Amino acid sequence: MNNNEILLEVRGLTKHFPLKSNFWRRVIGHVRAVDGVDLFVRRGETLGLVGESGCGKTTLGRCILRAIEPTAGEVLYHLQGRQPVDFRSLSGDQLRQMRPFMQMVFQDPFSALDPRMTVYDIISEPLRANPGRVMTTIVERVKELMTVVGLNPQYMERYPHAFSTGQRQRISVARALATSPEFIVCDEPVSALDVSVRSQILNLLLELQDRYQVGYLFISHDLSVIHHISHRVAVMYVGKIVETASAVELFQSPKHPYTEVLLHAIPRPDPRSKRIRLYLSGELPNPANPPSGCYFHPRCGYAQEVCARQTPALSELSPLHHVACHFAAELNLNGVAM
Amino acid sequence: MNDDSDILLDVRDLHVSFQLREGLLKAVDGVDFVVRKRKTVGLVGESGCGKSVTVKAVLQIIPPPGKMRGEIWLRRKAGGPPVDLGKLDPTGDEIRQVRGGEIGMIFQEPMKAFSPVHTIGNQLVEGILLHTTPDPKEAHDAAVAMLERVKIANPQQRMKAYPHELSGGMRQRAMIAAALACHPSILIADEPTTALDVTVQAEVLRLIKDLQAELGMSVIFITHDLGVVAEMADDVAVMYLGRIVEQSDVDTIFHEPMHPYTVELLRSIPELGRTPRSRLNTIEGTVPVPLNLGRRCGFYSRCREAVAGVCDVADPPAVQVRPGHRVRCFLRQPPPAVAV
Numbered sequence: 001m002n003n004n005e006i007l008l009e010v011r012g013l014t015k016h017f018p019l020k021s022n023f024w025r026r027v028i029g030h031v032r033a034v035d036g037v038d039l040f041v042r043r044g045e046t047l048g049l050v051g052e053s054g055c056g057k058t059t060l061g062r063c064i065l066r067a068i069e070p071t072a073g074e075v076l077y078h079l080q081g082r083q084p085v086d087f088r089s090l091s092g093d094q095l096r097q098m099r100p101f102m103q104m105v106f107q108d109p110f111s112a113l114d115p116r117m118t119v120y121d122i123i124s125e126p127l128r129a130n131p132g133r134v135m136t137t138i139v140e141r142v143k144e145l146m147t148v149v150g151l152n153p154q155y156m157e158r159y160p161h162a163f164s165t166g167q168r169q170r171i172s173v174a175r176a177l178a179t180s181p182e183f184i185v186c187d188e189p190v191s192a193l194d195v196s197v198r199s200q201i202l203n204l205l206l207e208l209q210d211r212y213q214v215g216y217l218f219i220s221h222d223l224s225v226i227h228h229i230s231h232r233v234a235v236m237y238v239g240k241i242v243e244t245a246s247a248v249e250l251f252q253s254p255k256h257p258y259t260e261v262l263l264h265a266i267p268r269p270d271p272r273s274k275r276i277r278l279y280l281s282g283e284l285p286n287p288a289n290p291p292s293g294c295y296f297h298p299r300c301g302y303a304q305e306v307c308a309r310q311t312p313a314l315s316e317l318s319p320l321h322h323v324a325c326h327f328a329a330e331l332n333l334n335g336v337a338m
Numbered sequence: 001m002n003d004d005s006d007i008l009l010d011v012r013d014l015h016v017s018f019q020l021r022e023g024l025l026k027a028v029d030g031v032d033f034v035v036r037k038r039k040t041v042g043l044v045g046e047s048g049c050g051k052s053v054t055v056k057a058v059l060q061i062i063p064p065p066g067k068m069r070g071e072i073w074l075r076r077k078a079g080g081p082p083v084d085l086g087k088l089d090p091t092g093d094e095i096r097q098v099r100g101g102e103i104g105m106i107f108q109e110p111m112k113a114f115s116p117v118h119t120i121g122n123q124l125v126e127g128i129l130l131h132t133t134p135d136p137k138e139a140h141d142a143a144v145a146m147l148e149r150v151k152i153a154n155p156q157q158r159m160k161a162y163p164h165e166l167s168g169g170m171r172q173r174a175m176i177a178a179a180l181a182c183h184p185s186i187l188i189a190d191e192p193t194t195a196l197d198v199t200v201q202a203e204v205l206r207l208i209k210d211l212q213a214e215l216g217m218s219v220i221f222i223t224h225d226l227g228v229v230a231e232m233a234d235d236v237a238v239m240y241l242g243r244i245v246e247q248s249d250v251d252t253i254f255h256e257p258m259h260p261y262t263v264e265l266l267r268s269i270p271e272l273g274r275t276p277r278s279r280l281n282t283i284e285g286t287v288p289v290p291l292n293l294g295r296r297c298g299f300y301s302r303c304r305e306a307v308a309g310v311c312d313v314a315d316p317p318a319v320q321v322r323p324g325h326r327v328r329c330f331l332r333q334p335p336p337a338v339a340v
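Which chain is which? The protein sequence lines are F and C, in order. Going letter by letter, the first sequence gives residues 1 to 338 in my numbering. Going letter by letter, the second sequence gives residues 1 to 340 in my numbering.
The set of hints was computed from the structure by calculation and includes no laboratory data. This structure is a prediction, so every number in the text was calculated from the model and none was measured. Beta carbons: idealized from backbone N, C-alpha and C, even for Gly. There's no promise every hint is true.
Label pairs and their computed distance ranges (CB to CB) [to be verified]:
no. : chain 1 : residue 1 : chain 2 : residue 2 : range
1   : F       : TYR302    : C       : ASP251    : 30 to 38 Å
2   : C       : LYS87     : F       : SER253    : 39 to 47 Å
3   : C       : PRO90     : F       : LYS20     : 47 to 55 Å
4   : F       : ARG25     : C       : ASN154    : 39 to 47 Å
Construct all of the structure, not just a fragment, from the sequences and the given hints.
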């Protein structure tokens, strides 16, 4: 990466969903979907966000875009040629002015595209909503975008149903790129795709990043995909980031026991690969009623008495490697052989 | 059927087609494979390649207007000569004994496969009463024992639980318990871990392997995940557009693949050993819809090595390139013996 500028900084981001009683609709508790998350993304960098379903990855991604209103915390964007802004303090109008700079690509390319709009309507919608951002005519821009993502501009007047899954995901990417954003949240963009199509979309996302220096928050539960596309990786468990490091370091020498288990659960496409088998006991805790101390301690093979009492903070182990574990420095965990 | 007594299921020249308004859709177009005792066959392929329809044909549960032809020889548990499942009445008694009793099946989405208005126990007992014992008490005990076997804690209580009360991993375990409750000789697992998280997936895969060893059954494992196949299968059949394009033992498929599709597929997965952010191999285009396709290799439109005039004029036959290794490709055939 040729640019070390910070693009996005998130501090203490929290989202608690109220739980209401059946009858009186009184608040009887909170689901801590996102619980004090700190992270940053540099310009042109991919931060991979990995975790199991229900850990709060998607909620975090949406809170960063204020698609869901966070409960607390700061979301700072350092956009090119502008003062850093706290996204959370913006009012409706100011927020709308910022929207073009940050976009989103969704998992399911079927439900993400309106079946009654043509491809032209879909891709041009963000342009029509943000007239100030258009340099050329809208038609020209749509043609350009379709070419960039590998679609034939001739098909501009067709409806989404005429396209295959992979092509639809290309349409979603083109729509996200329309306003030349600096940051894109990719929420499981390749999870619904077949192997041969998945590689096409991954290549496309990599190429676009190199070309336009967009920052990605790449959410996925697939660790091989995360390993492939990310510069840095953050591992999430029950609303908290438990480890973040560069992709290479995280996969080679994980420091959090949960990361270790995740890494060894990846099925390797090689019948000759010999790997250590680690299994997790128990179930993912309920984020409305998480365990005491470290949320991972009931399932952790290395847990000690202190783990049930104290919540470990995400602390720096080495530059760029942060871990939330009391024994991060002492444990000798196994990474996956490259 | 093959006389080899090691072979439990022998599928020969299986075709399944659907007559649609747009034309004849050939979902399965000439599939042959065998399932050996205590072995796992992996059926791999992308969506729409016909892997699920193939196993549905085995159980005779193809949705209308599907039509099937071909032979499906099953060696029954009770002994006797093998029966051709394809010739049985799909609503008759004999096939009903086979379904669940001799061939169990687990599905991708346990939430959809279970009835939401009956308890887990109810649904397990129902199968056991049909196949194993007429005594409700005995069936109940067998169901509890089965839940225990798939490592569900408090099986007595779980018997009374409804599917929505269990977590995803737990539901899939209960599904496995239901499929194995009558001790089938073959278990068909259709993408059983696709909807699960990696850590849960690892546990479910281990459970299937353990139970397979314990009960001595064979498994037909359907998946699109090459990593899962590498871990589970003894033999692998790679499917594309309704055909098996390559089949062999698992090591050969992953280390000495021959069919261009298998080779490209293996190169296009983001594997951990690869350089991060390197460009992946892509297979251009998409899988064609198997409607009114002419006689030519199904992979012709996407194959880099395709030779016009060879690959687009006839169907490539499945050729044995080595013992146990069959490939459907004109470009990978041993040179023909010189005609005398």
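Against the structure shown, which of the earlier numbered hints fail to hold, in ascending order? Hint check: 2 and 4 fail, others pass.
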